[in-house]
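Heads up: the sequence lines are chains A and B, in that order. Residue 1 is where the first sequence starts when you use our numbering, and the numbers rise one by one after that. Residue 1 is where the second sequence starts when you use our numbering, and the numbers rise one by one after that.
These are calculated hints, taken from the structure and not from any lab test. A few of these clues could be false.
Result set (EDC-like, lysine to aspartate or glutamate): computed pairs, CA atoms no more than 20 Å apart in a straight line [stated by the list, open to error]: (1) A:K103 - B:E82; (2) A:K18 - B:E18; (3) A:K129 - B:E82; (4) A:K18 - B:E26; (5) A:K79 - B:E130; (6) A:K98 - B:E27.
Computed footprint of chain A on chain B, listed as stretches where at least three residues anywhere in the stretch have a Cβ under 8 Å from a Cβ of chain A [said to hold, decoys possible]: (7) 22-30; (8) 70-77; (9) 80-86.
The structure displayed is predicted, hence computed values, not measured ones. By construction, the Cβ of each residue, glycine as well, lies at the ideal position given by its N, Cα and C atoms.
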Amino acid sequence: MSNAFEGLKEGDDYSFVKKKFSRTDFVRYAGGGGDFNPIHHDQKFAEAAGLPTVFGMGMLTAGILSRVPVEWFGPTALKSYGIRFQSRLWPDDTVTFKGVVSKLYEEAGVIHADLDLSAVTQKDEVLIKGFSTVRPWLPSS
Amino acid sequence: MAHINPPGLPIERGKIHEFANSIGAEEPLFHDEEAAKAAGLPSVVAPPTYTSTQAFFSEKDAPNMFKELGLDLRYVLHGGQEYYYERPIFAGDTLIAEPGETIASTKEGKRGGSMKIFDMYTNYKNQDGELVLRVKNTLLQTAGVVKE
Chain A
1 MSNAFEGLKE
11 GDDYSFVKKK
21 FSRTDFVRYA
31 GGGGDFNPIH
41 HDQKFAEAAG
51 LPTVFGMGML
61 TAGILSRVPV
71 EWFGPTALKS
81 YGIRFQSRLW
91 PDDTVTFKGV
101 VSKLYEEAGV
111 IHADLDLSAV
121 TQKDEVLIKG
131 FSTVRPWLPS
141 S
Chain B
1 MAHINPPGLP
11 IERGKIHEFA
21 NSIGAEEPLF
31 HDEEAAKAAG
41 LPSVVAPPTY
51 TSTQAFFSEK
61 DAPNMFKELG
71 LDLRYVLHGG
81 QEYYYERPIF
91 AGDTLIAEPG
101 ETIASTKEGK
111 RGGSMKIFDM
121 YTNYKNQDGE
131 LVLRVKNTLL
141 QTAGVVKE
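For reference, chain A alone in the conformation it holds in the complex (with noise of 0.2 Å):
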C-alpha cells in the first residue's frame, strides 16, 4: 500500500511533463489501445477532414493522465477517474499532467482524497480536464 496518503494536506500537488508528442506516439497507442481511427494516424485522411494534420487520441492524453493518481498513490488505490475532452493533442505539443487534491475525508473509516487532474501544452490551452477519486486498497478488501 502507498503510504502517500500520510500527511497528505488539500492543496498538495504531483505533475510531470512528456515533452513533444510525436506521430509514433499515436501509432504506438493505436497499438497498445486498440483504436485505429485513420484520423490519428493518416495524413490524407486528416486533410481530407480538413485539419492540417493527425491528432492524438483523446485516450492515449487520458491514459497519460491517469499515471498522475497511479504514480502517487498506487495503481489499485483509485475508486473513480474520468476525463471530459476539451482540445485537441498535436503532433510536437509538450504537456504538463497534474493532480491537485481539492477535498480530503474519510468515508467508513478509510481516508479518501478527491483530486482534480489536467493536461496543459506549453500553450497554456487545456487538453483535458478530469477527476479522480483515491483511498487506500488491500487485497483482503
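Based on the hints, put chain B in the right spot on chain A.
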C-alpha cells in the same frame, strides 16, 4: 475486416505490458509479476483506462458502430470517459462487457453548430459474475469540423 472474437475480454500480462508502455507508464505493478505477488496481489494490475483495449474484442469494429448510431466518422469526437472501479482488475481475469443504455441528446455549440451527444454506459463483470467496473463513454458529433 473479419475477426474472430473469444468470449469476454481476457486480461493478459503481455497486453497490459504493451498498453502500459503505450502510455509511458513505468509502474512496476503493471509490468512485473514478481513485484505484484510481493505486494500481495494475484498478478499485475490493469492500468485505469485499460478496458479501452476492448476494441480488440468487440463484435463490431468502430466504423460499423458509428454507422449504426448514424455518426459520420470524420466529425466524431470523443467527449469524455468516466470509470468507477469496484476493485482493481488483474491479469488472469476475464471480463464480460454488458452494454447499458445509450442516452442521446443535442446541444447548441459555440463553434461547430449543433452537437449530438451520446452517453454510452457499459458494466464490466469478472469471471465470477462480480461487477468490477462501470464505464460511461461520451461521443460527440459536431455539425462540421471544429476549427481551433
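Results of checking the hints against the structure:
Proximity of A:K103 to B:E82 is assessed by CA-CA distance (about 19 Å); at most 20 Å being required, the pair is judged to hold. Proximity of A:K18 to B:E18 is assessed by CA-CA distance (about 19 Å); at most 20 Å being required, the pair is judged to hold. A distance of roughly 12 Å separates the Cα atoms of A:K129 and B:E82; the hinted pair therefore holds under the 20 Å criterion. Our distance criterion of 20 Å between C-alpha atoms is met by A:K18 and B:E26, whose separation comes to about 14 Å.
A threshold of 20 Å between alpha carbons decides the hint, and for A:K79 with B:E130 the separation of about 16 Å falls inside it, so the pair holds. For the hint linking A:K98 to B:E27, the alpha-carbon distance of about 17 Å falls within 20 Å, and the restraint holds. Counting residues of the stretch 22-30 of chain B whose beta carbon lies closer than 8 Å to any beta carbon of chain A gives 7, which meets the minimum of three for the stated coverage. Figure legend: the stretch 70-77 of chain B, annotated as covered by chain A; annotation consistent (4 residues with Cβ-Cβ distances under 8 Å, at least 3 required).
Taking a C-beta to C-beta cut-off of 8 Å, the stretch 80-86 of chain B contributes 6 residues in contact with chain A, enough for the three needed, and the coverage statement holds.
The earlier numbered hints are all upheld by this structure, with none contradicted.
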